[in-house]
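Enquirer: Below, each chain spelled out in residue letters.
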Amino acid sequence: MTDMLTVIAPDGATKKGFDAGLSDEELVHCYRTMLLVRAFDDISLKMQRSGRIGFSIPNRGIEATQVGAASALRKTDWIFPSYRDFGMALYHGIPTVEMMHNMFGNAKDSAKGRQMPVHFSFVEPIRFYSISSPIGTHIPHAVGAAYASKMRGEDTVHLTSFGDGGTSSIGFHSGMNFAAVWKAPVVFLCQNNGYAISCPADEQTASDGYAIKAEAYGMPHTTVDGNDLLAVRQAVLDAAERARKGEGPTMIESVTFRMGGHSTSDDPTKYVPKELLEEWEKKDPVERFRRHLEKRGLWSQDVEDRLRKDTLEEVRVAAKEAEDTAKPGLETIFSDVYADVPNHLREQGEFLFDLSKRRGEAAAGDGEFPL
Amino acid sequence: MTDMLTVIAPDGATKKGFDAGLSDEELVHCYRTMLLVRAFDDISLKMQRSGRIGFSIPNRGIEATQVGAASALRKTDWIFPSYRDFGMALYHGIPTVEMMHNMFGNAKDSAKGRQMPVHFSFVEPIRFYSISSPIGTHIPHAVGAAYASKMRGEDTVHLTSFGDGGTSSIGFHSGMNFAAVWKAPVVFLCQNNGYAISCPADEQTASDGYAIKAEAYGMPHTTVDGNDLLAVRQAVLDAAERARKGEGPTMIESVTFRMGGHSTSDDPTKYVPKELLEEWEKKDPVERFRRHLEKRGLWSQDVEDRLRKDTLEEVRVAAKEAEDTAKPGLETIFSDVYADVPNHLREQGEFLFDLSKRRGEAAAGDGEFPL
Amino acid sequence: MANLTLIQALNDGLKTAMANDDSVVVFGEDVGPKGGVFLATEGLTNEFGEQRCFDTPLSEDGIVGTAVGMAMNGLRPVAEIQFQDFIFPAFDQIVSEAAKLRYRSGGQYTAPMVIRTPYGGGIRGGLYHSQSGEAYFAHTAGLKVVIPSTPRDAKGLLLASIQDPDPVLFLEPKALYRSVKGEVPEGEFTVDLSTLRTVREGRDVTVFCYGAMVPVVEKAAAQAEEQRGIKSLVVDLRTLLPLDEEGVLEAAKQTGRVVVVHEAPRFCGYGAEISALIAENCIEYMEAPVKRVTGFDTPFPNTLEHHYLPDDRRVLDAIEEVYNF
Amino acid sequence: MANLTLIQALNDGLKTAMANDDSVVVFGEDVGPKGGVFLATEGLTNEFGEQRCFDTPLSEDGIVGTAVGMAMNGLRPVAEIQFQDFIFPAFDQIVSEAAKLRYRSGGQYTAPMVIRTPYGGGIRGGLYHSQSGEAYFAHTAGLKVVIPSTPRDAKGLLLASIQDPDPVLFLEPKALYRSVKGEVPEGEFTVDLSTLRTVREGRDVTVFCYGAMVPVVEKAAAQAEEQRGIKSLVVDLRTLLPLDEEGVLEAAKQTGRVVVVHEAPRFCGYGAEISALIAENCIEYMEAPVKRVTGFDTPFPNTLEHHYLPDDRRVLDAIEEVYNF
Ligand SMILES: Cc1ncc(C[n+]2csc(CCOP(=O)(O)OP(=O)(O)O)c2C)c(N)n1
Ligand SMILES: Cc1ncc(C[n+]2csc(CCOP(=O)(O)OP(=O)(O)O)c2C)c(N)n1
Ligand SMILES: [Mg+2]
Ligand SMILES: [Mg+2]
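So the sequences go chain by chain: S, B, R and H.
Per the working numbering, residue 1 is the first one in the first sequence, and the count goes up by one each step.
Per the working numbering, residue 1 is the first one in the second sequence, and the count goes up by one each step.
Per the working numbering, residue 1 is the first one in the third sequence, and the count goes up by one each step.
Per the working numbering, residue 1 is the first one in the fourth sequence, and the count goes up by one each step.
Excised from the complex, chain S in its bound form:
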């Protein structure tokens, strides 16, 4: 295994004179964001179990990669995320309630309740690209968007995030190849979290890690300790720098571990060895960063208690508001298929409006379908 870029030692220390380029406030913001992701995870899981939402994706273990990467980007950059990148959105100040609107698929959801939970889409305050379920399809999108930025002479960076499993997708192959040929300003962030649902690395590919796949495309690559927030930040900063200078794309493999199930529908105990999980729990990225803050004198039990209370409260309030928000209107079934609603859709819409009037919304209860 190629050795990894590391900045924060297990005990939280960094090399003398190392400068992460983050103010104390920003460092604390990073920590708070990770706690916010955990709060979001925990409350979402509870809500899913109690049937208040249908589905969620746990982020436990990946927080440092998400937040470290996000901290290296500007608001003018684009993020082409996977469905396991909550922290990137939260770091850049996308309101928790906006994300909860999506979890509930309500009328205020930017996706208008059309997508499953965790399929976020935002344009403000940063472009957090609409998440698609198919794996890897967003990778060439980042490359095309980057080509456009480059053609206009902007110094915008396009970061696309995907998993270890995502490297087997066709979008990875075409996206990496096109980006390298075009010297497009893209950062390819592969989050190697050990599994693709139940498929472990050695069944996913025979390569020694994932970063080396960049060799196939003549693209520079680095491997970083994904549980080390500052290491991930540094790797993305360097890659973004190259991109802005017109030197082309970089692939970063962030080695981390999915400490939860793949989703709320998954039972990882069926395939994740207990010892492996325990081993990684010792490397918890949040605890690692906490120690770093402590060494810097930015952490105390008070701070901890306040942040945890805050973040839990923030998520609770957001969940409550989202849950109390009305469902999308019937018209959302027919709008946004095209810029204008064509006649056949107008007719189909009128049919449905009329039908639901005749039957009264009563019949429009959810969960009618089994499974």
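Simulated from the structure, these hints should not be mistaken for lab results.
All values derive from a computational prediction rather than experimental measurement.
Check the hints yourself; a few may be wrong.
[Stated by the list, open to error] Straight-line distance between alpha carbons at most 30 Å, and here's what the computed BS3-like set of lysine-lysine pairs gives: (1) Lys219/R <-> Lys327/S; (2) Lys108/S <-> Lys245/S; (3) Lys295/B <-> Lys108/B; (4) Lys181/R <-> Lys270/S; (5) Lys15/R <-> Lys183/B.
Add chains B, R and H with the ligands to chain S, keeping to what the hints say.
Expert: Just chains B, R and H with the ligands now, with coordinates in the frame of chain S:
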């Protein structure tokens, strides 16, 4: 550029004591096969220009790669060829006339006149897999077939051949990855002939050559001088050996040059620099091997004259026979869609038979359609 | 006979096929130790070993492409695509390769294989875990397209598909995986492909349906009879390609009034072919124009999916409409 | 006005679009220096530079996938797929991404882009250089599907497609590239999408067609009139999705006798939707069942392609059949 495996020096000499493992007869057979490919090319081009056939694919420049690779395989092995691998079929004794039947798409064509010319399919005397126009789709087929052989404990090798452009296809990405994970007995032969139609290497990929792409899959790879028949043979022998021993797949990049157009519809002068072509003409693979035979005392002008006369004659006779063979019957439009002809196809067939009876075959002239 | 859910019947079918034929191999994403996200392949790796039931890398193109290679070289691959929504990366391998191999090679190479995949709505899956793509495949000569709606058919059609000499796309109505239960013969047994199933007899209106819409239509047909005395002939198409066209026309002629139901969008959906076939071939028997009840011509929504999916009320309205035409 | 072939009109359309809008970029395999295998893009790299017209690696998935990214970030990409037969590796990007992006993002991200590709038979291309896949795409909500049949429409519809806010699949009848010539307005001009073109007036039989079948139908219609005095109303659909359904029904009602013609296989082909639409919506006007004249339900053959493709004789027979019904 990684250095290449070479066996035959430009002057035809090989290192002292080098043994290609080929008898004199076999060495001459290799040479004759290359001449046969050239004869096939030349006559096909003439026939296409005079409208006797619709299309052909030139092989000039690639003969050593085709024949060298074929010479390393057993009759029990499978070849999953590209459309530019005539030499592999001819080396293994697939009758020239069988190939001509396909060029004319007549009743004796193994594809029953359904495919374009050069889309060969054979099962005897070696499995030369049905050629498909879509690039790269045959690569995972070789991997699946290899999995089956491995599962049954056979020592069969599956060689799949594709071009530099083919490495950008999705079949390359999935085929290479699956083969490496499964340790499947596959030899991936990438014929880097400089162009994908008009697209040169540097627009196809940013990698330094193509063999290095195997790194992405944790697969061993070699780069060979593709105009050196014995070097290609050696590389394939070694890869096949690994495969038979259960050590898994190998990727071989054969560096050569397409000295003709992409096809009879292409005008390469629009995009191939004159100097580049001239440079490669000096490296002609047939001449290179001829010198080697001469050094071995296997070549004389008499031999040359006889072989050239022979091969031209063989192709002419084959072409004549194929041209004189009847067209496929109307039923071939409806058979082989499924193992049995379902009712709706039976009805459609009867409709067509009846129609062509009513109109008399007269109306069934070709080339009615423009372009 | 055992009383099984549809997913249990599929699992039973796979076990039966693997036990009776060593050349049957099952693979796909998460089908091994995890047993598939819907547990259709649960226990297979344990029982038959890692060589015969195993996980693959995340590539549908690779899954289908290697299945074609296995099939041409003596195996009987049964590949799983985790959701039909994710089959499109393999579209080229299915449409250009598996479906055309026998034809283009004059029968020298063939692809006897099965691609299993869960399709359809009802699980709050939104755009990408709910689609019904049958029409994309039913337009493809050389392919067979099968959709069961009962546990018995699920096993019998699956075994027939695995034994079939041609490639079969086997679409599984995920909404019915656990919601329907029924008697299923034990061990080897098959249900012939390209045969229709009469779900309910009736002389007033003929309703064609398949997959997860069958129980919905049954419910509507029962209501039509109870509430209005309209007797519906309900036909489960089961095999969409090749279709038993004679059987379809027969069933249409029996009532002269036809409703076609599917979840997929209407425009260029499978129902268009059924509607066209009937209108073109038995116009003289028709008392009313064919009525299609389908999903809307939009992507599949999430929160409002129950408004998108045809339900018994919409089917009942249609039955009455053609009856009263 | 200039007298151009269809391929010249397309080239003129691309030049016009690129000259009037810097955000228009053209790319695909061999579209640069070579000018495309059919020369549709000839001269563009010279005139507009390598940044705006360039070759790509051999990946349709990459071509369409990057086009989506360009489109959402301010460019107007016009991607070429060398043959429609080779579009399937991009099927996922077209169907799952381009077509669904606006919907799934609530309009935050959109994909105004054009995918140009030559389709259809007539060049002795066999299985993989002859296909007509329009039905695979016309079933996809969120996508627009356009097929011109004259040089004028080729340019006008192409410019309208490039300006359209939604993704457009622009299918070009390669058999007509050089065989039809006609007057084409110079400079900027558009032909509205989702409008039909009346090719020939007539009150006896309505024939719906598009692309390369239009000249074939015109020939047959002329024969029908000369030889039998049957006057055909010939309609070129031009935009298959979204379809002008009212216009189609209007044209059908005018004669009550309808023939639908396309090259693609019949089963679940585009003609099924037209046939179903008419049978369902204007049965009371119909004097005869709709007749479909299509390719056979097989892959596309090579040597015998002239038997596979509908020709004027087959169309004429159909016109007479519905006329004499
Ligand atoms: C094309 C496609 N195939 C299959 C799936 C089903 N699926 C959803 S997530 C997933 C695993 C992804 O693993 P990885 O890329 O490592 O990301 P992670 O979930 O570990 O973050 C699979 C197979 C899908 N969404 N898309
Ligand atoms: C999927 C697909 N896209 C495009 C084409 C059109 N095409 C035919 S050959 C070719 C170039 C192939 O180049 P390469 O792989 O280098 O093989 P070569 O012809 O040089 O031997 C292209 C683009 C195709 N056949 N299939
Ligand atoms: Mg993972
Ligand atoms: Mg090449």
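Enquirer: What hint numbers does the structure not satisfy?
Expert: Violated hints: 2, 3; rest satisfied.
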